[in-house]
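In case you want the letters, here they are:
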Amino acid sequence: MTTQEILDKLPYGKSFLFVDELLHIDENGVKGTYIYAKDLPFYESHFKDYPVTPAVILTETMAQIGLVCLGIYLLKDINLNTSIAMTSNAIDFLKPVAPGEQVTVTSEKVYFRFNKLSCKVKMENAAGEVVCKGNISGMLISKENG
Amino acid sequence: MNKEEIIDTLKTIIELYSEEATALAHIDENTDFIHDLKINSANLVDIVLDIEEKFNIEIDNDSMAKMLTVKATTEIIAQKLDAHAG
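These protein sequences, in sequence, are chains E and X.
Residue 1 is where the first sequence starts when you use the working numbering, and the numbers rise one by one after that.
Residue 1 is where the second sequence starts when you use the working numbering, and the numbers rise one by one after that.
Rather than coming from a laboratory, the hints here were simulated on the basis of the structure.
Zero decoy hints are in this set.
One side of the interface only, derived from the structure: several residues of chain X facing chain E at Cβ under 7 Å: (1) S41; (2) A42; (3) V45; (4) M64.
Every beta carbon over 10 Å from chain X, so not counted as near; a handful from chain E, in silico: (5) P11; (6) E21; (7) D26; (8) K48; (9) I91; (10) L94; (11) K109; (12) E124.
Even glycine gets a Cβ: it sits at the ideal position worked out from N, Cα and C.
Work the whole structure out from these sequences, hints included.
In structure tokens, the structure reads:
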């Protein structure tokens, strides 16, 4: 499965897609990038006079690259329409991310059992500094059931 | 390890994943993880992984699918422990 095929399978619309490119993916992990365009709508209000990327968006970016892309790859041999629901996360936020910054997300699989995927994920800025890190887990759910 | 000991150990694992204080205080063989303890599917996986570690056994997919009540779970743990010992 090519990285483009994985990106094509992502279920997000344009305004909520936080994956630009996958640099590497295998059974044990994934690495990908995203640039937060300066005109993303939330910068206008978060905060009123000081645009900074919301922590919830950083979390979503880590989940889309680290959990969902990896989940799609791990299920590549199963011919089923599945979706992935984030079920828990624990993230530390170390540095702010400004509009226009590019980030790199690296995810390592902790376990994938009984349809639950748990990953250790970190996000770095262009200078290679860790901006946030933690654990994200999700359940792979077949479309018929959920 | 007899049945009561298995249930006692099981209780210490389950307590971490349920907020249902009343149901937790009255855990017995008939307690249902989803209906009585309101445990979701993601936490059911955590419980099974904790069981594997605590009892030093391996749970396969078929067994996992049956582990929805204290009774069924206790029986599966007992079976695996027996197989291990034999």
